[in-house]
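Q: Residue numbers (the numbering used here), protein chains in the order written: chain A, 125 to 225; chain B, 22 to 379; chain C, 249 to 498.
Since the hints were made in silico from the structure, they are not lab data. Bear in mind the structure is a predicted one, so any value in this text is a computation, not a measurement. Among the hints, a few may not be true.
[Stated by the list, open to error] Have a look at the derived ranges for each label pair, beta carbon to beta carbon:
1. C/491 - B/296: 48 to 54 Å
2. B/273 - C/442: 42 to 48 Å
3. A/208 - B/57: 43 to 49 Å
4. C/314 - A/195: 32 to 38 Å
5. B/47 - A/215: 30 to 36 Å
6. C/460 - A/147: 51 to 57 Å
7. A/204 - B/105: 55 to 61 Å
8. B/255 - A/217: 53 to 59 Å
9. B/198 - C/442: 45 to 51 Å
10. B/194 - C/491: 29 to 35 Å
11. C/310 - B/105: 44 to 50 Å
12. C/433 - B/273: 43 to 49 Å
Cβ atoms here follow ideal geometry from the backbone N, Cα and C, with glycine treated the same way.
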Amino acid sequence: MMNTGNDRSKEWPLWEIFIRARNGLDHKHCGSLHAPDAKAALQSARDVFTRRQEGVSIWAVRAENICASDPDSKAEMFDPAEDKIYRHPTFYKLPKEVDNM
Amino acid sequence: MYTQSMDLPQKKEQSASAPGAPENPEYQREFDARLAQGEFIEAKDWMPEAYRKTLIRQISQHAHSEIVGMLPEGNWITRAPTLKRKAILLAKVQDEGGHGLYLYSAAETLGISRDEMFEALHTGKAKYSSIFNYPTLTWADIGVIGWLVDGAAIMNQIPLCRCSYGPYARAMVRICKEESFHQRQGFDLLMTMMQGTNEQRVMVQDAVNRWWWPSLMMFGPHDSESTHSERGKQWGIKRISNDDLRQKFVDATAPQADILGVTLPDPNLKWNEKQERYEFGNIDWDEFWNVVNGNGHCNRERLAARVSAWQDGEWVREAALAHANKRAAKHPDGRVGEQAAPSMETAPMQTAPTAGST
Amino acid sequence: MTNQHFIYLLRLADSPLILAQRLSEWCGHGPVLEEDLALSNMALDLIGQARLLLTHAGRVESRDRDEDQLAFLRMENKYRNLTIVELPNGDFGQTVTRNFLFSAYQVELWKRLQISTDTELAAIAAKSIKESTYHLSHSAEWVIRLGDGTEESHLRMQTALDQLWPYSAELFTSDDTDRSMAESGIGVDPSAFKTDWQSTVSQVIGEATLTLPADTPFVSSGKAGQHSEHMGHLLGELQYLQRTFPGAQW
Ligand SMILES: [Fe+2]
Ligand SMILES: [Fe+2]
Chain A
125 MMNTGNDRSK EWPLWEIFIR ARNGLDHKHC GSLHAPDAKA ALQSARDVFT
175 RRQEGVSIWA VRAENICASD PDSKAEMFDP AEDKIYRHPT FYKLPKEVDN
225 M
Chain B
22 MYTQSMDLPQ KKEQSASAPG APENPEYQRE FDARLAQGEF IEAKDWMPEA
72 YRKTLIRQIS QHAHSEIVGM LPEGNWITRA PTLKRKAILL AKVQDEGGHG
122 LYLYSAAETL GISRDEMFEA LHTGKAKYSS IFNYPTLTWA DIGVIGWLVD
172 GAAIMNQIPL CRCSYGPYAR AMVRICKEES FHQRQGFDLL MTMMQGTNEQ
222 RVMVQDAVNR WWWPSLMMFG PHDSESTHSE RGKQWGIKRI SNDDLRQKFV
272 DATAPQADIL GVTLPDPNLK WNEKQERYEF GNIDWDEFWN VVNGNGHCNR
322 ERLAARVSAW QDGEWVREAA LAHANKRAAK HPDGRVGEQA APSMETAPMQ
372 TAPTAGST
Chain C
249 MTNQHFIYLL RLADSPLILA QRLSEWCGHG PVLEEDLALS NMALDLIGQA
299 RLLLTHAGRV ESRDRDEDQL AFLRMENKYR NLTIVELPNG DFGQTVTRNF
349 LFSAYQVELW KRLQISTDTE LAAIAAKSIK ESTYHLSHSA EWVIRLGDGT
399 EESHLRMQTA LDQLWPYSAE LFTSDDTDRS MAESGIGVDP SAFKTDWQST
449 VSQVIGEATL TLPADTPFVS SGKAGQHSEH MGHLLGELQY LQRTFPGAQW
């Protein structure tokens with residue numbers, strides 16, 4: 125983080141906002157905003173992100189509470205899945221008659 | 022948009038400790054390769070310091086433009102002539118506030134806070150699009166801003182939806198979706214006025230005369246003057262040059278003026294059959310730089326309005342935080358609904374379920 | 249009867265109309281962007297309510313006046329809003345305190361109007377109660393945050409409450425129009441829900457650590473068409489274009 129000597133303790137915390145567009149869908153990250161407390165975060169999320177009927181349910185999570193994987197360890201985290209091609213249905217060549225399984 | 026390629030003197034920025042910030046040839050090669058393949062860069066990825074600074078400057082300038090841009094149109098909300106127009110204008114200006122918010126959030130992923138960006142705006146260190154330093158004098162200005170200013174903005178914004186920095190690109194996608202009604206409502210407003218009385222038509226023509234050239238200036242200085250353009254292109258944050266965008270805008274707008282029945286205030290504007298584009302006259306760059314440098318009609322008012330909104334709100338921001346801290350001290354594990362007012366029970370908000378319960 | 253029905257609908261329409269006019273003054277000037285958007289949303293809800301009610305009032309009157317003729321072209325003493333909504337915004341604390349007192353009132357009102365024998369009005373009430381419930385939730389949270397925030401915010405909120413409180417008396421006055429509308433089943437006599445309103449208000453004010461002011465003999469009279477001095481200036485802006493260009497289309 126930048127340190128400019130500004131007093132960041134005066135700033136409202138940052139919240140990440142997740143919205144379910146319709147029942148049956150996952151909550152999806154749609155942006156972030158500042159709010160003093162959880163209630164305000166939910167209400168602001170409603171006013172900021174659902175003005176056009178974009179959602180039926182909102183989650184708000186303090187940004188500092190999110191654990192994120194380190195981009196530097198991307199290789200060991202995600203590359204090992206690369207050669208497990210037998211996990212994909214297209215790996216198996218079946219006779220035409222049963223190929224819709 | 023409202024970005025403007027202004028090549029303005031940059032405020033002195035502090036060194037950052039973003040992940041892997043020290044220059045590193047191996048990271049640099051990987052970064053360049055990803056850009057070359059058209060991949061997105063995300064917030065926590067390593068990036069060269071200059072890329073990060075340029076993005077902060079561009080995104081925050083863009084955000085400032087959105088919120089300062091609320092002021093000229095906001096000037097007419099209480100005077101809108103019908104309830105329908107009042108609702109449309111209010112929703113439109115509110116959208117611009119939302120755009121500012123999305124963009125500040127995108128810039129925050131680069132390690133600068135919203136308060137720091139405000140500070141830069143309020144002290145005049147950061148710039149915003151000079152178009153908003155022109156006054157809105159009649160109701161027709163509201164239509165012309167939608168048609169020309171939002172029109173120019175959209176032209177500028179669409180390529181940014183594909184810019185290399187993920188959070189910025191995603192904010193732009195959301196913004197572009199919302200922008201689509203801004204230009205249309207402006208044109209609709211003007212068409213209604215042009216079908217009205219002679220006084221109304223005169224009002225529209227007068228507004229077009231005042232806003233046409235400033236709208237062309239929104240695309241920034243000529244490519245030949247624009248020092249950032251090359252690197253911006255390489256970084257995928259400036260995909261189409263200022264002059265190309267400006268030409269596109271003129272080509273799209275001139276026929277619309279005919280349909281509306283107004284004259285664009287440029288005697289040199291004419292269709293070039295061979296090149297299949299409009300030719301147009303010279304922009305008054307002295308005026309542009311004067312306005313950028315603080316000498317437009319409304320520079321002082323705009324900045325003063327932002328500063329006083331911020332200062333007048335300080336006690337509110339402080340108090341909300343103080344109250345949140347009190348609550349947290351009283352109920353360390355307090356969930357949303359627990360201490361809500363009685364009225365909350367009927368409110369459409371509910372506590373987010375824990376992940377396990379879904 | 250028709251005339252009283254018409255006047256009753258104007259009363260219902262004018263308070264949201266005038267409060268929307270006030271709230272829209274905040275657009276671009278809020279204490280944080282998030283609240284800028286919230287207040288604009290609220291104003292948009294209120295404009296929507298006013299449009300439905302004015303259109304309906306125009307039909308009941310049957311003199312071919314549409315929402316805009318009613319919204320923009322009446323004399324000041326023909327506007328029937330509660331005086332509290334026409335007062336200047338003051339600081340953010342005053343604005344949310346007024347929103348709180350007013351929306352707590354509107355929730356009780358809409359609740360009862362949902363069963364109005366005027367089916368159009370009942371439908372408008374059913375739509376509006378959702379909006380007013382949200383406005384109440386939003387403003388109550390702010391009254392609590394600011395009342396129980398810092399020393400300064402507490403003081404400002406108590407001042408706001410003290411200044412606005414005398415105007416709350418008008419919310420529960422009833423006259424012939426109210427009574428005849430209540431009798432016919434079209435409307436409701438506001439004195440009927442004063443205690444419900446009071447219980448919401450005192451609970452939130454208590455949680456906000458504020459003190460409910462004592463009642464005074466002052467009763468404002470906006471709903472009867474007699475307004476404060478602020479109203480003329482508000483209408484000056486609201487009516488400007490319609491008055492300057494009579495008959496023009498926008
Ligand atoms: Fe915008
Ligand atoms: Fe826009």
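Q: Please test the hint of 53 to 59 Å on the beta carbon pair from residue 255 of chain B and residue 217 of chain A.
A: Once the Cβ atoms are compared, 45 Å apart, the range 53 to 59 Å for residue 217 of chain A and residue 255 of chain B is violated.
Q: Between the beta carbons of residue 310 of chain C and residue 105 of chain B, is the distance compatible with 44 to 50 Å?
A: violated, 22 Å
Q: Between the beta carbons of residue 491 of chain C and residue 296 of chain B, is the distance compatible with 48 to 54 Å?
A: Between residue 491 of chain C and residue 296 of chain B, where Cβ atoms are some 50 Å apart, the hint holds.
Q: Given the hint of 55 to 61 Å, is the C-beta distance from residue 204 of chain A to residue 105 of chain B inside that range or not?
A: Holds, at about 59 Å.
Q: Using the beta carbons of residue 198 of chain B and residue 442 of chain C, state whether their distance is inside 45 to 51 Å or not.
A: holds, 46 Å
Q: Holds or violated: 32 to 38 Å for the Cβ distance of residue 314 of chain C and residue 195 of chain A?
A: Given about 59 Å between the Cβ atoms, the range is violated.
Q: CB of residue 208 of chain A to CB of residue 57 of chain B, is that within 43 to 49 Å?
A: violated, 29 Å
Q: Within 29 to 35 Å: is that where the Cβ-Cβ distance between residue 194 of chain B and residue 491 of chain C falls?
A: violated, 43 Å
Q: For the range 30 to 36 Å, tell me whether the beta carbons of residue 47 of chain B and residue 215 of chain A fit it or not.
A: Distance hint for residue 47 of chain B, residue 215 of chain A holds at roughly 35 Å.
Q: Take a look at whether the Cβ-Cβ distance between residue 460 of chain C and residue 147 of chain A falls inside 51 to 57 Å.
A: Since the Cβ atoms of residue 460 of chain C and residue 147 of chain A sit about 42 Å apart, the hinted range of 51 to 57 Å is violated.
Q: Within 43 to 49 Å or not, the Cβ separation of residue 433 of chain C and residue 273 of chain B?
A: Violated - the Cβ-Cβ distance for residue 433 of chain C and residue 273 of chain B, about 58 Å, lies outside 43 to 49 Å.
Q: Okay, residue 273 of chain B versus residue 442 of chain C on CB: inside 42 to 48 Å?
A: violated, 60 Å
Taken one by one, the earlier hints fail for this structure at numbers 2, 3, 4, 6, 8, 10, 11 and 12, listed in ascending order.
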